[in-house]
Each structure stands twice: as C-alpha cells, then as structure tokens.
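From first to last, the protein sequence lines are chains A and B. First residue of the first sequence: 210, per our numbering; consecutive thereafter. First residue of the second sequence: -1, per our numbering; consecutive thereafter.
Think of the hints as simulated: they come from the structure by calculation, not from any bench. A hint or two may mislead.
Said to hold, decoys possible - To give a feel for the contact side, a few chain B residues facing chain A, derived at Cβ under 10 Å:
| no. | residue |
| --- | --- |
| 1 | ILE83 |
| 2 | ALA101 |
| 3 | ASP114 |
| 4 | PHE663 |
| 5 | GLU670 |
| 6 | GLY672 |
| 7 | GLN673 |
To be verified - Straight-line alpha carbon distances no greater than 30 Å define the calculated DSBU-like cross-link-like pairs of lysine-lysine that follow:
| no. | chain 1 | residue 1 | chain 2 | residue 2 |
| --- | --- | --- | --- | --- |
| 8 | B | LYS426 | A | LYS417 |
| 9 | B | LYS382 | B | LYS289 |
| 10 | A | LYS400 | B | LYS426 |
| 11 | A | LYS400 | B | LYS745 |
What the hints assert, rightly or not - Computed footprint of chain A on chain B, listed as stretches where at least three residues anywhere in the stretch have a Cβ under 8 Å from a Cβ of chain A:
| no. | segment |
| --- | --- |
| 12 | 540 to 552 |
| 13 | 618 to 630 |
| 14 | 685 to 694 |
C-beta atoms are modelled at their ideal positions from N, C-alpha and C, and glycine is treated no differently.
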Amino acid sequence: MRPFEYIRPGAVGEASQILAERGDGAFLIGGGSAAVVMLRLGVVRPECVVDLGGVAGLRGIEANGALRIGALTPIRALELDGGARSRWGLLAEAASQVANVRVRNAATVGGAVAYGEPQTDTPTALTALGASVRAASAKGERAVPIGEFYLGPYETVLAPGEIVVGVDVPEPPPHTGGAHLKFTIGSPENKPVANASALVTLDPASGKCAGARAAMGAAGPTPVAAQAAEGLLGEFPSPERIAEVAAAAAEEADPMEDLRGPVWHKRRVLKVLVERALLCATQRAQA
Amino acid sequence: MPTLEAADKAAGRVAYMGDLVIPGMAHAKIVRSPLPHARIVAIDAEAARALPGVVCVLTRDEVRADPDMEEIYGFVYRDAPLVAIDKARHQGDIVAVVVAEDAATAEEAAELVDVDYEELPAVMNVREALADGAPRVHEEFFPIAPELRPQAGTNICHHATIGCGDIARGFAEADFVYEDEFSAPPVQHCALDLHAVVAQVEDGQITVWTNCQSPFPLGRELERMFKMPARVIVPYVGGGFGSKSRDRLECVITAAAKLAGRPVRCVLSQEETFMTFIRPAYANRIQTGVKRDGTIVARRNTFYVDVGGYAISGARSANNTLKVATGPYRIPHAEVNCYAVYTNKPPSSPYRGLPTTQHTMAYEAQLDRIARDLGMDRLEIRRKNLVRDGDTHVTGDYLRSAHARECMEKAAAAIGWDAPLPASPDGKTLRGRGVSCTIKYTLTPARQMSENGAEIALGQDGVFEIRIGTVNIGQGSDTVMAQIAGDALGVGLDALRVVHSDTARVPVDSSTTASRSTYHMGRAVVEAAGVLKGRILEAAAQLLERGADSLALTSEGVEPEDGGGDGGGVSYAELARRVGSPLAAQGECIVGGTYDAPDGKTYPIASTFWTFASCAAEVEVDAETGQARIVQAAAAATTGTAINPRSIETQLEGGVGQELGPTLFEQMTWDESGQLLNAALLDYPLPTMETMPRYEPRYVDHPFEGGPFGAKGMGEVGAVVVPGAVLNAVYDATGVLFHEMPLLPHKILEALDAKSAAAQ
Ligand SMILES: Cc1cc2nc3c(=O)[nH]c(=O)nc-3n(C[C@H](O)[C@H](O)[C@H](O)COP(=O)(O)OP(=O)(O)OC[C@H]3O[C@@H](n4cnc5c(N)ncnc54)[C@H](O)[C@@H]3O)c2cc1C
C-alpha cells in the first residue's frame, strides 16, 4: 500500500470541501470495510484519505414517520435496532445477512449505499422499500430517490465532493410483510450470486394484495425494481400466482456471467429468491 | 489435552514469521511476470535503483555476475532459477527482487522495474501440454530424487508405473469393466500465516528464518547454492497444508540479502500466495473390473498431475501417490500410471494428502456407481473388498493394522447411516448419504536409513529440553513429543521444554510432511529418552551412592524407589549442577528396508505405516437452485495409540472444514489468455465456521507395532476422505454421479435439468 495523508474532518462541509479541492487525489472512507481492501489491492491510490468517521451527527437511527438513518450508522446497529426490526423488518433482515458480524460492525449504511456494488444486500432492500438517499456537499443537501441514485456498478449520481449523509425509508403501510433472501456459494462472506427483497401489503378485509414490490440484487448493473411484482395487485397472492410473478421478475433481470456462475443459473436463482421472498412476505403480512 | 502453546497463542503471545524483526533488515518486493509464458527480452531496473530508499535490485544480471551463486535451485527437482533467466514460466514467476529501506518503497520501486516481455504461446492445462507440437515449458530436465523419470522431448517431467498381478488377465476375468474419468481444478491452501522469509548473509554464513516445512533439506540446498554454511530457523508456523513443504522464496531472498549486504525480509501478500504454490489440477481415467458378486478383480488408474511451471515440489508428490491410487481394496491385478506434466500454471505442491484426495474421490465415486449397477448395498460392496491384515498391497507391502473396515463402520454409524432420511413433502429438498474409504502412505526412503533424530538434554535449571526438527505448524507436535518424552522418562510435562526446528540446535529431520512426525520423531524421542534415563540413573546412583536399579525418575527428581519422597533423592537441577558435564542423549528413527512378516516371508516397505480412514456424509440438495449443503459428516481414522486425542479430533475436524471448500465451491479460475481471475480472497470463496457441518470425529486406536507407544500418523486423512463421501451423498440424493469437483450449484442444477428432460 502506498503511503497517504490521512485526514479526519469534523464536519460534512469540511470533508466535502477537501474532497472537492483534492479531486481524484482524495478518497473518502466510511466504515472502511471495502475501502481498505481497495487501498491494499491498489485499486485506488490516493494521495489523501478522508475518513468520515470523525464527523459528528451522522450516526444513529430515528423512527419518526420515516426511518431516518445516519450515514455512519453501522450495519450491525441497523440489524439490531428495535424500531427497524418492528416496522422495517425487511431492512433489518437484509442487514443481518451482510457477511459476518465483524464486517457488519465495520461497514456503515452510508458506505453500503454509496459503494454501489451490484451484489450488496442493503441497496436491494432500500429499493424495495422506496428509500431516498440524502446527499450533502458544501453547497447544501438534496434527497435522491434510490431508484435514481445508481448509474452503474460502483457509479452513483453523487457529484464530486458530495457525501451521503443519510437514508430515509418511508414507513410501510399496516398489514405489510417483508423478506430479504440471498443466495451465496460457500460462506456468507462471499459475494452473493444474487439477492432479492419483497414487500407485500394485504387488504385485511379481502385478503387481496394491496401493494407488492420486489427488488433484485446482482441482477444487473444496478438494483432492479421488478415491475412484475405489481401483477399481484388486487389479487390473492397464491403460491401459483407468486411463482408466475417471480418468473416474470427474473426475466426483467440482466445478470452478468462471472465467477459466481452463468447467466442462466443466476436467472433461475433470482426466480427462486423472488418467489420465496414474496411467499415469506405474504405470510408475514398475514400474521 | 490442549497443546502446550494453546494459551499463549490465544493470548497473542506467540511470535510468527510476520513478527520477526532483525536489526538492520531491509525489505524485499518481488517483481513478477504478468504473463504465463514469456521470453524476457530486457530488464531495465535503473529507475528503481534511482528511487531514494532503494538498496539494490536483484535480476539475472546480478545472479550471473556472482561466481559463488548457483542459478537453479530445487532439492527434489532442480528446475527453478533464483530469478527468471531466459523466460518466465507462469503468471507471477519471479523476475526480479527489489530491496529497499521499507516495504512501501520496495513496492513502489518494484513498479518502476521495466521488463520487456515477448509473449510465448502458453500451455495452460495438461491436455494442451501433451498435445503434439505443444510449446515446451522447460527444454531440459533436472530431476534430483532418483525415482523421478522425465520423458525427453515432452512436457512430461515424470512418468512412472507400478502394478501387481496380471492386469490383462484381471480384466479378462471380470464380469464387468467400468471406466470413468474424474477431474479437479487447482485450489490454494490459504494458510493464515503467509509465506515469509528473513535472510542474512554475514561472515560467510547464511541464516534464514522462514515458515518452511522442511528446514534441513532447505539448509543443505542453501549451502549448495551459495557455497557457505547455512542455518535455518523456523518459528511457530500458522499452517502450511503442503504449501510450505518446498522452497520458493528462501533461496531467492538469500540471494537478495547477499547482494544487499544486510538482512532482507520478504512477506508475501495473500494475492502472491496464489502464484507461489497451489494444489495442482488433477485428472484420471480409472477402469475397474468386477465379478457379478461385487468382488473387484482388476483396477487400472492412470492419472495426470499438472505440476505447473516448476516441478520443485509437485513431481515427487504426484509420484508418491502411485502407492495409494488403487485404494484400500484387495485387488489381485492392478496397474497405476502417473504422469506429472509441466504447464504454465503456478508451481504445484502437496495439499493435505494430495493427490490421494483425488484418487479417493475417483475410486470411491466409481465404486458407488458399480454398487448401484450391481444392485448391491454400498457398505456391503466395501466390506467385501476392503483390505485386511495380512493382505498384500499393490506395492507388495504386507499390510498390518489394516483396520479399514472398522473406520468405515464407525464413520457410518456416527451419522446414523441406517436411520431414515427426513422426507421432503414438496420434493424441493433432495437428501442423501455417502461414504468413502482411503489408504494413505507416509514418506519412506527406498533403502534402510535414519530419517531423523531427536536429542533430550537435562538443563541446569532441572528442565529436560527436547530438541527436535519437527516444525510446529499448528498440529500440536511439541505437545505430542513432550507427552512421549514425559512417558518414556517418567516425568511430568512441567519438567519438559521443547526446542523445535533450528538446524543449528536440533538433530537432522527430513521434513514435517505426509503425516510423518508423530511416528518418526516420536520414535527418535523414545530412543533418546531411554538412553538419557539410563545416564541419569547412573549419575544419580553415583551421587547418592546407591544402586541405579533402586532409583526411579519422578516429576521432582531421582528418588529411591522405596523412599516415598522423604529425602534421599536428588532434584534434577541439583543433579545437573553436580554432574557438571551435560546429561544428554540422542535417538534416531531408522526406517525403510524390508519387513519380515509372520508368514515367514520378507516383504518390501513402500510405506513405514499405512493410515486408513473413512468419511460418511449426509447432504441436502436444493432442487430449485442446485445448491448442495453438508448437513453432517463424520470421519474415522486409524491412529494407532491416540497420544493426544484432542489433537487427533481437531486434525480430523480441520480436514473436513478445509476440504469441503474444494469439494463444493473452491477453485482457481483462469481466463482464455491464461490470466488468473481470482487470486484474491475477495473473489476466492473459502470455507468458514459458518460452512462447517455438524461433525463427529472418530478414531480407531489399536496400537501399531513399532510406533512410539503404538502410535502412527494421521494428519492428512481427515481431509482426504471428504470429496468421495460428498460426491457419493450427492449421487444418492440426486441420482447423478458427478465426475468433477467442485460441486457448484449450476453444475448440479444443469444435471438435474438433464435428468428430468431425459425422463420425459
Ligand atoms: C468480506 C466482506 C463481505 C461482505 N459481504 C457483504 C454482503 O454479503 N452483503 C452486503 O450487502 N455487503 C457485504 N459487504 C459490505 C460491502 O461490500 C461494503 O464493504 C460495505 O457496504 C461498505 O461500507 P463501508 O462503510 O465500510 O464503506 P467503505 O469501505 O468505507 O467505502 C466504500 C466506498 O463507498 C464510499 N463511501 C463510503 N461512505 C460514503 C459516504 N458516506 N458518502 C459517499 N461515499 C462513501 C467510499 O469512498 C468507497 O468508495 C462485505 C464486505 C466485506 C469486506
């Protein structure tokens, strides 16, 4: 690893300014779980590392209407947060499936969102939940719907100097169930072959589906919100219908052949994951 | 019992190579070839040398300029240049070494070394390497070990055949002949402790600190290479699994230290280990002739081992497994053909029993196919054919302590073989069980000779110091040797201390490999302890003015046998001080030669002892995704007397934990241009605690005649038996016999699809 200058600013504005001024020479780290590997392997060779860890006010979870999550909140805190578990269970479940407890303690929600790795779990869950990303720079703050946040693998709409400061997740309506599933070869630290999140809302009077969303990870360059899920609206979410919807969702995916397998297999896995996630979400919505 | 160093290791108080600091040491970074096969046209290291903080750069020019430096090393197969001379033979081949004041500068300077490569056509696998007119990896052959036989004009660096009976007659007598081809790709050992060396050349003397598994052969090789005495010191080693059994860094870094004129340290990155030593690609064709009743009458196993760009380690380990390639079965007519083949992959080395593991996978999977075909029970066909005491092995050895069947029964019982498998109402979960049996050799010399020695000395502090060459690589060797010495002397562990693997301080030892140490070093320790005990009794007798036969060794000192501890004895510290001259003794372990069997005949010894083992596994296959999961597994091995049962259990457990990776998902992958795609743990999946199945270790501990207190070795077999059992369990679950590891989900799903398409 090449030596670098290490800067630990105390405020977002200051961090953003350093990043803007130093341009490509600066590299931002949140929890460092991916960033340190990138440094060590020489994927990035910055002159200076800007560690967000010292910025005050970016840590914590507030459940007040929407779930407001500070960028520096560890994934582990999200996994264990009472509010998130009770009403945003899908998100807490996705967090609980990230790698292992060491990684979950290090990785932050802001880092998970900003990293933009197509295989990661958190962005998939946030896509199903319709979250928005709060980004800030010296010029101010803006909110970007998660569906518009990603441009490609490891590529986001963040402008130079712009930092993710938090994520807002709207509260799902009553009678909603959610589930997140992933498929990994080998140990849970390995990048998943694919993952999927589902969110199902039922009309308690009729038992029919009043809302259905599904999202898929490692299913294309960015998280894929499966349009097919809406096919369940107004219907009874029977296993047969869910299987059809999941098959259609998998067709919307555009996975890539890589070390984790060929395209046809990833599509099959995505179908199974979406199907099982929708079934599980439906059961949870009924409970 | 836990190992002697367990508490210190858990508390972080044990120093490994990475912790070693030698005053004045500089840091090395290796410049590696990006191409698998390339002529080296020119090397320009001027910019690197000019960088402030750079001490020197070692290239072929510096090696050639030094008349006291040989160019080519390898103590089994001499074919590896210190740094590439004319060409690079694998991606990551060592082209130059940059030495600098600190590691970061060395790294930066290494990028400034400008190498002009002319790409050559590469042979990336055995098939390509054996094709007519294939590019040659080496133009000449330099085998050192006498049993190695290259085939001139080819990429075959070793070919050998063994057999027994009359193979043609055997197949003619068979009712059915089955033929299968199996294969497995390379994987990496991924030992926690990365390869590391500190070398110092000072006052005409080499000192090398390294985490290598063969300090003595390495020392002799250093002496030959540099024409001066060499001392090799090996601290605690955090695992090797075969990746450290031969030299790949030590000679090179010594050359760099000589050039630098100061100690030089080199620690590989995890990524570099993927280009240093790997488990080779394996392929075989196995033909087995059976009678209608399941009796095996003939077997031929022809196997190909991809040794990579250098045969420094891989050729001989391939050859060694000739002895076990037909399995633990009584087969009257057998033939084994071994081909070790050069390619442009990184060099190969053993991997926890390799390639016995792949042989076992092949003959065990085929045996399940035969059983299914003949409508026989899978345990029954094994009971019928497994070897027994007094059988003659394919090598001509007389087998004793051949408790192969007992291993199988114990492993099968441990997973509840006969209990019904849980049902899967929706048909989405397929379940099955499988078993596998193996036989493993230990390294054994062709003629009778001493393989290693041990020394025990009573120190002035009253502690017995056990001096052994065995490398403490995490297997618990210090503990077992202390237990053996303690029992043989009659003293407790508190009165013992172990000094290991420093060629200047301990007697010679051949290597810490092939499950050999408990038996071989254990015997030397028993002998040393016996001699020392006599000397101590004699010295004490003189001092106490009593007959030596009225005295005994206890934990506290030498006491009169009838004395009941009320004085009249002498403590060890006092004895040592009063005797003045050192109280010490050496022992050795002589092996090889021939065996005079109870039947009155004399037999050859291809292996000092044979270890038998079995694994039974239960798997679950997700029929929708193709994912196989090991639900539970058990392994049983013949250990002889279990000296430290806890170490045996953890060795077996570690074997399963490690080998389930290559069985289910691990593999190194190259693209079409010969570039390795996953030389980093980010993209290379490894087993972890979370992938460990429910696991039951078992041992079959009938004392082994000749072993120290009846013990023999078993360090590898826990791993060796895993793939066969899992392949067979998946076969049982899905009805599909796989011929290739790893059992990746898409491979299984593809096979299930094909099966259901065929059924329609
Ligand atoms: C072994 C391992 C296994 C893993 N497995 C999984 C898994 O199964 N599922 C999963 O979802 N995740 C997994 N992860 C986590 C994931 O890949 C990332 O490591 C993690 O999400 C990054 O979070 P971080 O806070 O550590 O970010 P860092 O590593 O600090 O940064 C990552 C990137 O994001 C940028 N960045 C960080 N914070 C911000 C911010 N606030 N604003 C703008 N840019 C920022 C950095 O500049 C950098 O480019 C795994 C990680 C490891 C190391």
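Tested hints:
1. ILE83: Violated. Min distance 28 Å.
2. ALA101: Holds. Min distance 9 Å.
3. ASP114: Not OK, violated: B/ASP114 not within 10 Å of chain A, min 23 Å.
4. PHE663: Holds, about 4 Å.
5. GLU670: violated (14 Å)
6. GLY672: violated (16 Å)
7. GLN673: Violated, because the Cβ-Cβ distance from B/GLN673 to chain A comes to roughly 13 Å (cut-off 10 Å).
8. B/LYS426 - A/LYS417: Given that 30 Å is the threshold and the Cα spacing comes to 27 Å, the pair holds.
9. B/LYS382 - B/LYS289: holds (12 Å)
10. A/LYS400 - B/LYS426: With Cα atoms ~25 Å apart, A/LYS400 and B/LYS426 stay inside 30 Å; holds.
11. A/LYS400 - B/LYS745: Holds. A/LYS400 to B/LYS745 sits at ~19 Å (cutoff 30 Å).
12. 540 to 552: Our answer is that it is violated, as 0 residues pass the Cβ test (under 8 Å) against chain A, missing three.
13. 618 to 630: Three-residue rule met by the segment 618 to 630 of chain B, so holds; n is 4.
14. 685 to 694: As far as the segment 685 to 694 of chain B goes, the hint holds, because 4 residues have Cβ atoms under 8 Å from chain A.
Going through the hint list in order, the structure does not satisfy hints 1, 3, 5, 6, 7 and 12.
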